[in-house]
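Engineer: Sequence:
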Amino acid sequence: MVPQTLLTYRFVQGSMSSQTPRKVLLRLRLRAFERRVLSKWPQFSIWGAGRDGKDFYNNLRPEFRDKVVEFYDIDAKKIKNGYHNIKVKKTYPVRHFSQAKPPLVICVALNRMEEELRANIATLGLKEEVDYYHFT
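End of the sequence shown = 139 in my numbering, gap-free, step of one.
Simulated from the structure, these hints should not be mistaken for laboratory data. All values reported here derive from a predicted model rather than from experimental measurement. Idealized CB from N, CA, C, for every residue including glycine. Just to be clear, a hint being listed does not mean it is correct.
Capping the alpha-carbon separation at 27 Å, the derived lysine-lysine pairs in DSSO-like fashion look like this [as the list claims (entries may be wrong)]: (1) Lys-57 x Lys-90; (2) Lys-92 x Lys-81; (3) Lys-130 x Lys-104; (4) Lys-43 x Lys-92; (5) Lys-70 x Lys-93; (6) Lys-104 x Lys-93; (7) Lys-90 x Lys-26; (8) Lys-70 x Lys-90; (9) Lys-26 x Lys-81; (10) Lys-80 x Lys-70; (11) Lys-57 x Lys-43; (12) Lys-26 x Lys-70; (13) Lys-83 x Lys-57; (14) Lys-70 x Lys-43; (15) Lys-104 x Lys-57; (16) Lys-26 x Lys-92; (17) Lys-90 x Lys-80; (18) Lys-43 x Lys-93; (19) Lys-26 x Lys-43; (20) Lys-57 x Lys-92; (21) Lys-104 x Lys-83; (22) Lys-93 x Lys-57; (23) Lys-70 x Lys-83; (24) Lys-43 x Lys-90; (25) Lys-93 x Lys-26; (26) Lys-57 x Lys-26; (27) Lys-92 x Lys-80; (28) Lys-80 x Lys-57; (29) Lys-130 x Lys-70; (30) Lys-104 x Lys-70; (31) Lys-81 x Lys-93; (32) Lys-43 x Lys-104; (33) Lys-93 x Lys-83; (34) Lys-81 x Lys-104; (35) Lys-104 x Lys-92.
Simulated restraints on C-beta separations [said to hold, decoys possible]: (36) Arg-38 x Met-116: 21 to 31 Å; (37) Asp-134 x Gln-16: 32 to 42 Å; (38) Thr-23 x His-87: 22 to 32 Å; (39) Gln-7 x His-87: 36 to 46 Å; (40) Pro-45 x Gln-16: 37 to 47 Å.
Given only the sequences and the hints, what does the whole structure look like? Please build it.
Structural biologist: This is the structure we're talking about:
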């Protein structure tokens with residue numbers, strides 16, 4: 004956790020950032036994340052088998068996609084079905100978050116269930132930027 008504000012974003016109507024597609028921004032941020040974090044991990048798992056986790060996985064470069072071990076989630080249906088990626092012809096187990104083992108990339112939007120997510124992370128005793136990074 005960072006004790007001070009590092010960046011303040013101000014929305015301006017008509018600015019380039021408002022015209023840049025979400026997926027383009029995702030790929031740009033992901034390249035930096037791959038260099039700074041994922042390149043140091045021999046393997047990792049993704050917490051979030053929904054839209055954000057799948058987008059994260061699908062936009063990883065192949066060498067980083069190959070480091071993914073499994074997914075975690077709270078949704079019983081996702082846990083039962085697993086994650087089948089047709090594009091790369093791979094299937095991953097989706098386990099309940101309580102079984103999560105670091106290192107993790109958490110791909111769950113905070114605005115949806117921030118309090119519940121933080122409580123779930125706390126039950127596992129995980130430390131941000133040591134055991135996990137939150138990427139949304």
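Engineer: Each hint: holds or not?
Structural biologist: Hints, verified against the model:
A C-alpha spacing of about 11 Å is found between Lys-57 and Lys-90, which places the hinted pair at or below 27 Å, so the restraint holds. Between Lys-92 and Lys-81, the direct Cα distance comes to roughly 18 Å. Compliance with the 27 Å bound is thereby established for this hinted pair. As the CA atoms of Lys-130 and Lys-104 are separated by approximately 12 Å, the hinted pair is consistent with the 27 Å bound. Proximity of Lys-43 to Lys-92 is assessed by CA-CA distance (about 26 Å); at most 27 Å being required, the pair is judged to hold.
As the CA atoms of Lys-70 and Lys-93 are separated by approximately 13 Å, the hinted pair is consistent with the 27 Å bound. Distance hint between Lys-104 and Lys-93 is fulfilled; the C-alpha atoms sit about 21 Å from each other, no more than 27 Å. Note on Lys-90 and Lys-26: the hinted pairing holds, with a Cα-Cα distance of about 17 Å set against a maximum of 27 Å. Using a Cα cut-off of 27 Å, the hinted pair Lys-70 and Lys-90 holds, with the two alpha carbons roughly 16 Å apart.
Of the pairs offered as hints, the one joining Lys-26 and Lys-81 holds, with about 23 Å between alpha carbons and a cut-off of 27 Å not exceeded. The hinted pair formed by Lys-80 and Lys-70 meets the criterion: a straight-line CA distance of about 24 Å does not exceed 27 Å. Proposed proximity of Lys-57 and Lys-43 is supported: the alpha carbons are some 22 Å apart, at most 27 Å. Of the pairs offered as hints, the one joining Lys-26 and Lys-70 holds, with about 22 Å between alpha carbons and a cut-off of 27 Å not exceeded.
Of the pairs offered as hints, the one joining Lys-83 and Lys-57 holds, with about 17 Å between alpha carbons and a cut-off of 27 Å not exceeded. Proposed proximity of Lys-70 and Lys-43 is supported: the alpha carbons are some 11 Å apart, at most 27 Å. Pair hint Lys-104 plus Lys-57 holds up; C-alpha atoms about 19 Å apart against a cutoff of 27 Å. For the hint pairing Lys-26 with Lys-92, the CA-to-CA distance comes to about 22 Å; that is within 27 Å, so the pair holds.
Restraint check: the Cα-Cα separation between Lys-90 and Lys-80 comes to about 21 Å, which is no more than 27 Å; the hinted pair holds. As the CA atoms of Lys-43 and Lys-93 are separated by approximately 23 Å, the hinted pair is consistent with the 27 Å bound. The straight-line distance between the Cα atoms of Lys-26 and Lys-43 is roughly 24 Å, inside the 27 Å bound, and the hint therefore holds. With a C-alpha separation of about 14 Å, the suggested pair Lys-57 and Lys-92 falls inside the 27 Å cut-off, and the hint holds.
Restraint check for Lys-104 and Lys-83: satisfied, since their Cα atoms lie roughly 19 Å apart, inside the 27 Å limit. Restraint check for Lys-93 and Lys-57: the C-alpha separation of about 13 Å stays at or below 27 Å, so the hint holds. Restraint check for Lys-70 and Lys-83: satisfied, since their Cα atoms lie roughly 22 Å apart, inside the 27 Å limit. Distance restraint check for Lys-43 and Lys-90: the Cα-Cα separation of roughly 26 Å lies within the 27 Å cut-off, and the hinted pair is therefore satisfied.
Our distance criterion of 27 Å between C-alpha atoms is met by Lys-93 and Lys-26, whose separation comes to about 22 Å. For the hint pairing Lys-57 with Lys-26, the CA-to-CA distance comes to about 12 Å; that is within 27 Å, so the pair holds. At roughly 21 Å between alpha-carbon atoms, Lys-92 and Lys-80 fall within 27 Å of each other, so this suggested pair holds. Note on Lys-80 and Lys-57: the hinted pairing holds, with a Cα-Cα distance of about 15 Å set against a maximum of 27 Å.
With a C-alpha separation of about 21 Å, the suggested pair Lys-130 and Lys-70 falls inside the 27 Å cut-off, and the hint holds. Between the alpha carbons of Lys-104 and Lys-70 the distance comes to roughly 14 Å, so the proposed pair stays at or under 27 Å and holds. A hinted pair counts as satisfied when its Cα atoms are at most 27 Å apart, and Lys-81 with Lys-93 qualifies at roughly 15 Å. Our distance criterion of 27 Å between C-alpha atoms is met by Lys-43 and Lys-104, whose separation comes to about 17 Å.
Proposed proximity of Lys-93 and Lys-83 is supported: the alpha carbons are some 16 Å apart, at most 27 Å. Under the criterion of a C-alpha separation no larger than 27 Å, the hint pairing Lys-81 with Lys-104 is consistent with the structure, at around 18 Å. Restraint check for Lys-104 and Lys-92: the C-alpha separation of about 24 Å stays at or below 27 Å, so the hint holds. Between Arg-38 and Met-116 the beta carbon distance is about 30 Å. The supplied range of 21 to 31 Å therefore holds.
Taken as a hint, the range 32 to 42 Å holds for the pair Asp-134 and Gln-16, whose Cβ atoms sit roughly 40 Å apart. Remark: the range hint 22 to 32 Å for Thr-23 to His-87 is upheld by a beta-carbon distance near 30 Å. In this structure the supplied range 36 to 46 Å holds for Gln-7 paired with His-87, their Cβ-Cβ distance being about 43 Å. The given range of 37 to 47 Å is respected by Pro-45 and Gln-16, whose C-beta atoms sit roughly 45 Å from each other.
The structure fails none of the hints (numbered hints given earlier).
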